[in-house]
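Q: Could you put the whole structure together from the sequences, leaning on the hints where they help?
Number of protein chains: 2
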Amino acid sequence: MSKLRFRISMSFDGFVAGPNQSVENPLGVGGERLHEWVVALASWRAPHGLEGGEVNESTPVVEESLENIGATLMGRNMFGGHPGPWDAENPWKGWWGKNPPFHHPVFVLTHHAREPLEMDGGTTFTFVTDGIESALEQARRAAGGKDVALAGGAKAAQQYLAAGLVDEMEIHLVPTLLGGGERLFEGVGDNLHGLELVRTVATPQVTHLKFARR
Amino acid sequence: MSKLRFRISMSFDGFVAGPNQSVENPLGVGGERLHEWVVALASWRAPHGLEGGEVNESTPVVEESLENIGATLMGRNMFGGHPGPWDAENPWKGWWGKNPPFHHPVFVLTHHAREPLEMDGGTTFTFVTDGIESALEQARRAAGGKDVALAGGAKAAQQYLAAGLVDEMEIHLVPTLLGGGERLFEGVGDNLHGLELVRTVATPQVTHLKFARR
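Protein sequence lines, in the order shown, are assigned to chains H and R.
Take any residue in the first sequence, note its place counting from 1, add 263, and you have its number in our numbering.
Take any residue in the second sequence, note its place counting from 1, add 263, and you have its number in our numbering.
In short, the hints are calculated from the structure, not lab data.
Bear in mind that the values here come from a model prediction, so they are computed numbers and not experimental data.
It cannot be assumed that every hint is accurate.
[To be verified] Straight line, CA to CA, 25 Å or less: simulated DMTMM-like cross-link-like pairs of lysine to aspartate or glutamate:
| hint | chain 1 | residue 1 | chain 2 | residue 2 |
| --- | --- | --- | --- | --- |
| 1 | H | Lys473 | R | Glu381 |
| 2 | H | Lys473 | R | Glu459 |
| 3 | H | Lys356 | H | Glu449 |
[Stated by the list, open to error] Some chain H residues flagged as far from chain R (calculated, every beta-carbon gap over 12 Å):
| hint | residue |
| --- | --- |
| 4 | Ser265 |
| 5 | Pro282 |
| 6 | Ser306 |
| 7 | Gly312 |
| 8 | Glu314 |
| 9 | Leu329 |
| 10 | Asn331 |
| 11 | Gly347 |
| 12 | Glu378 |
| 13 | Phe390 |
| 14 | Arg404 |
| 15 | Leu440 |
| 16 | His456 |
| 17 | Thr470 |
From the three backbone atoms N, C-alpha and C, an ideal C-beta is built for every residue, glycine too.
A: Take a look at the structure:
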């Protein structure tokens, strides 16, 4: 069956975004430090339209995470813009420009209904207002037999983790502290809901810890 | 120079003890799950007077952490018993019985003065009321050229980490959630105060991440 696969970069003190997130600073103060390891990689830069970059021990981990994904799920905060109802005159279209790096259907969890938004390069944002299970069902259908990526942010991930709906999770643990911001595992409970550590790839910049159901 | 070396087991959501710590349940609810990996090891069981146990990839990590230690520092909460002034009639003597596993001088941070307590096997508990730097200085002197171990708990560790006084830190990251309890990195700030990841040893039960000053 099509799996729900979640991966995210997390600080050593458990944050996936720094404090004071805003349109100008979507990752919060210091949050960009969580992504330095991946932004340096050729295999991340290419799909984001950037040249150059490194090939290192993290490369196969990132390549694997991009394979066999047919649809993406994300929370409203990750799609971004502003809280509350959409701006009717100048609606927010995501952080990623005209040609977002997804190139497949993306489902955005929100309390505010909105028509689907078609972007260049095969990315369509569909706004789902009837809950995480409906969004997952729609994403699975759209993925056409491939897996569904859960892109974040923290609150969307917490809901899917707590409901036991995540089939694979890879935490890219970055050896630094943020000291504040959005915690990944807040309210998820006192266990990993059936997920077990199945692989660790260690580098000086980041430790990749992959969890799956046995 | 004699180093201050800290090692502790931490859950994937950043807790070093579960919620509701008590004399009956010193590690808090679920906290024993953080220590299953080490209690199973022969190299931990022997100094605690227990027979048997495994030898595995964690063995050299634990053996290294026990080497060249001449004194130990700990917080009042780790020494345990009860908060506030010591019971004059029946003073708490630690969790470890008549012959604690330290076999060297131990310095306990407390707000409540008390005479030193000599136990069997070479362990003496000295109670320090004039702060973390004084305790470290006393421990260094007592260590006679060897290193000082910072045993915990969370609050003592936070103070030494935030002050930049820790020279080596090894986190034994356990792939489970506790969902509540005592967080290790609360109030430590937005960086590791000069510590950098220098080694990772990955096993299915625990990931050992060692930090040091370069």
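Q: Would you mind marking each hint as holding or not holding in the structure?
A: Hint by hint, here is what the structure shows:
For the proposed pair Lys473/H and Glu381/R, the alpha carbon gap of about 47 Å is over 25 Å, so the pair is violated. Of the pairs offered as hints, the one joining Lys473/H and Glu459/R holds, with about 23 Å between alpha carbons and a cut-off of 25 Å not exceeded. Of the pairs offered as hints, the one joining Lys356/H and Glu449/H is violated, with about 28 Å between alpha carbons and a cut-off of 25 Å exceeded. Every Cβ of chain R is farther than 12 Å from the Cβ of Ser265/H; the closest lies at roughly 25 Å, confirming the non-interface assignment.
A Cβ of chain R approaches the Cβ of Pro282/H within 12 Å, the least distance being about 9 Å, so the stated non-interface status is violated. Residue placement check: Ser306/H keeps its beta carbon more than 12 Å from all beta carbons of chain R (closest about 22 Å). The claim that Gly312/H lies off the interface holds: its Cβ sits roughly 31 Å from the closest Cβ of chain R, which is beyond the 12 Å cut-off. Here Glu314/H stays apart from chain R, with its beta-carbon at least about 29 Å from theirs, past the 12 Å limit.
Residue placement check: Leu329/H keeps its beta carbon more than 12 Å from all beta carbons of chain R (closest about 23 Å). With 12 Å as the threshold on Cβ separation, the claim that Asn331/H sits away from chain R holds: the shortest Cβ distance comes to roughly 24 Å. With a closest Cβ-Cβ approach of about 30 Å to chain R, Gly347/H is found to remain outside the 12 Å limit, as its non-interface label requires. Distance check for Glu378/H against chain R: the nearest CB is about 38 Å away, which clears 12 Å, and the non-interface claim stands.
Remark: the non-interface label on Phe390/H is consistent with the geometry, its nearest Cβ contact in chain R lying 31 Å away (cut-off 12 Å). Listed as outside the interface, Arg404/H is consistent with that label: its C-beta sits roughly 31 Å from the nearest C-beta of chain R, beyond the 12 Å cut-off. Distance to chain R contradicts Leu440/H as a non-interface residue, since its nearest Cβ pair spans about 6 Å, not more than 12 Å. Annotated as non-interface, His456/H brings its C-beta within 12 Å of a C-beta of chain R; the closest such distance is 9 Å.
Chain R draws Thr470/H into its interface by the beta-carbon criterion, the shortest separation being 6 Å against a cut-off of 12 Å.
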